[in-house]
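> One-letter residues, chain by chain:
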Amino acid sequence: MDHFPTNWGRPRNDAFDAYGTYPIAQRPYNGPTTDAFSEGIQHTQQPIVTGTSVLAIKYKDGIMMSADNLASYGSLARFKDIQRLHPVGTNTVIGAEFTQQDGHSLGPSEIHEYLSHVMYSRRSKMNPLWNSLIVGGFKDGKRFLSYVDLLGTTYSASTLATGYGSYIAQPLLRKAVEGNEDVITEDEAVRILEQSMKVLFYRDARSLNKYQIAKITADGVSVSESRSADTHWSFAEGIRGYGAQTQ
Amino acid sequence: MATANFSKRATYLDEQFRNTYDSDNTVFSPQGRLHQVEYALEAVKQGSAAVGLRSKTHSVLLALKRSTGELASYQQKMFRIDDHVGIAIAGLTSDARVLSNFMRQQAMSSKMAFNRPVPVNRLVSAIADKAQVNTQEYGRRPYGVGFLVIGQDKSGPHLYEFSPSGNSYEYYAMSIGARSQSAKTYLEKHYESFADCSLEDLIKHGLHALRETLQQDKDLNVNNTSIGIVGAPSVHENTTGISFRILEGETIQPFLDTMVPKDVPATAPAPAATTDEDVQMTE
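Order-wise, the sequence lines are chains Z and G. Under our numbering, read the first sequence as residues 1 to 247, first letter to last. Under our numbering, read the second sequence as residues 1001 to 1283, first letter to last.
By construction, these hints were calculated from the structure, which means they are not laboratory data. Ideal Cβ placement from N, Cα and C applies to all residues, glycine included. Some hints here could point you the wrong way.
As the list claims (entries may be wrong) - Cut-off 30 Å, straight-line C-alpha distance, at most; resulting in silico cross-link-like pairs (DSSO-like, lysine-lysine): (1) Z/K142 - G/K1111; (2) G/K1218 - G/K1154; (3) G/K1111 - Z/K125; (4) G/K1056 - Z/K142; (5) Z/K139 - G/K1056; (6) Z/K142 - Z/K60; (7) G/K1154 - Z/K142.
What the hints assert, rightly or not - To give a feel for the contact side, a few chain Z residues facing chain G, derived at Cβ under 7 Å: (8) D102; (9) S109; (10) E110; (11) E113; (12) Y114; (13) H117; (14) S121.
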């Protein structure tokens, strides 16, 4: 017998509690959903503070990823010491702590699957998490590298890049990596990423010449200290005017 | 006979007060007991026996099926929850259906969210927490069914007992239901050898344990016994793969054949319906 009058006469939700068995506090609420607080809820329509490209490649020992340290506020290079590469548990780089109390751990594949559900369901509610994420990891001797974004789109390849990187760096990464995933050494992988980060700094107007490289192998995850690429700007001395016009 | 859980003296003291503290789920007795929950455990003891045991490579369930009469079918005692998890029930079958449906939903949802089969301990904790709610809310009654849950996950094969009190424990071997104490006695004697048993030997132990719960003149046969297995197939099976499967009917005859025959000399079996204790007479 249901002693709680507020539940009498309410339709039960067959989708997740066909026998009306859940604790009363969690019973589906079929009344009006707007209240004073919900008036203030906003849906993300456009990003305000943004990060630029993230690059990732598979190499012989695992995965390598790079991202610069900049968070832009429109055209202002506002926050210049942001770490955009995050370790997750013991064998993945992107997000939060994922080893649970009972010893069962979530590896990169499980984390990516979970994220893709979260991203897609937020998109379907017209309130996206406005991100493009690359999930990379190494578990049970296997390399994992996948992409998920604000639309819930997912794909996987030996080289991945977000933002401008997917236009400018991707061809360079593919040329260097595709077919060679199992022979590229750690030093070669670093050089491949360094070269791409340099090109991106030259060409992406919202980038910064201060970046980190993360490495995931059987030994675990490590994110490097920030470093910079050598660049040459001496050509600028001889420029007069803008483009074809020379004053 | 099932042995009482509490000392005789405690039970006697308790008898005087039992009736005043046993109608509401949310009332403790002066001895600190919830009688409604204990009565729910009694309902589990009314169900026919089920036995579970595990080795390093397999977990198995064996259950005794009851029939209401010669014309009726035998009550199903085992359910598949997911490829890697199965259960045997003892008690109210209708409550079992609701809980096993919930388990299936949880297993499926966890598999979808994380792209991996749900760890068995998580699944069992989910129904244990759900059952506990019914022991603490006014107006709700505890579930009247207990489970033996077997499964395999990243950390190997498992066997759990779930009870309507909301408790769940992992076991090497366990039995629930009517006259299950006899089966437990057998299991306690032999459990140390289970870890390294082959699947066939494990099932043989389980069948012997299950037979302990029968009356003198009864025996296990292809109609009243079902076997649930998770792990690599046995030599008597045609399947491949390690998924949970239920074996019933003629397919279990090879397993029954491995049993040591009963000591009692076989008398001509002529069970009249009224003397068959495994048969429940309907009013």
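> Could you grab the alpha-carbon distance between G/K1218 and G/K1154 and see if it respects the 30 Å cut-off?
The given pair, whose Cα atoms are some 40 Å apart, is violated under the 30 Å limit.
> Please work out if Z/K142 and G/K1111 have their alpha carbons no farther apart than 30 Å.
OK: Z/K142 and G/K1111 at ~21 Å, within 30 Å.
> Run the distance test for G/K1111 versus Z/K125: straight-line Cα separation, threshold 30 Å.
holds (23 Å)
> Just to be careful, I want the Cα atoms of Z/K142 and Z/K60 compared with a cutoff of 30 Å; is the pair within it?
holds (11 Å)
> Holds or violated: are the alpha carbons of Z/K139 and G/K1056 at most 30 Å from each other?
Cα-Cα ~24 Å, so holds.
> With a cut-off of 7 Å, does the beta carbon of Z/H117 approach a beta carbon of chain G closely enough for the hint to hold?
holds (6 Å)
> Close enough to count: is the Cβ of Z/E113 nearer than 7 Å to one in chain G?
holds (4 Å)
> Identify whether the interface hint at Z/S121 stands, where standing means a beta carbon of chain G within less than 7 Å of its own.
With a minimum Cβ separation of about 11 Å from chain G (threshold 7 Å), the hint on Z/S121 is violated.
> So if I understand the rule, the pair passes when the alpha-carbon distance is 30 Å or less; does G/K1056 with Z/K142 pass?
holds (26 Å)
> If you draw a straight line from the CA of G/K1154 to the CA of Z/K142, is it 30 Å or shorter?
holds (16 Å)
> Should the interface hint for Z/Y114 be scored as holding, given a Cβ-Cβ cut-off of 7 Å against chain G?
Result: holds, 5 Å to nearest chain G Cβ.
> Taking 7 Å as the limit, does the beta-carbon of Z/E110 come near enough to a beta-carbon in chain G?
With Cβ-Cβ at 4 Å, under 7 Å, it holds.
Against the hints set out earlier in the document, violations occur for numbers 2, 14.
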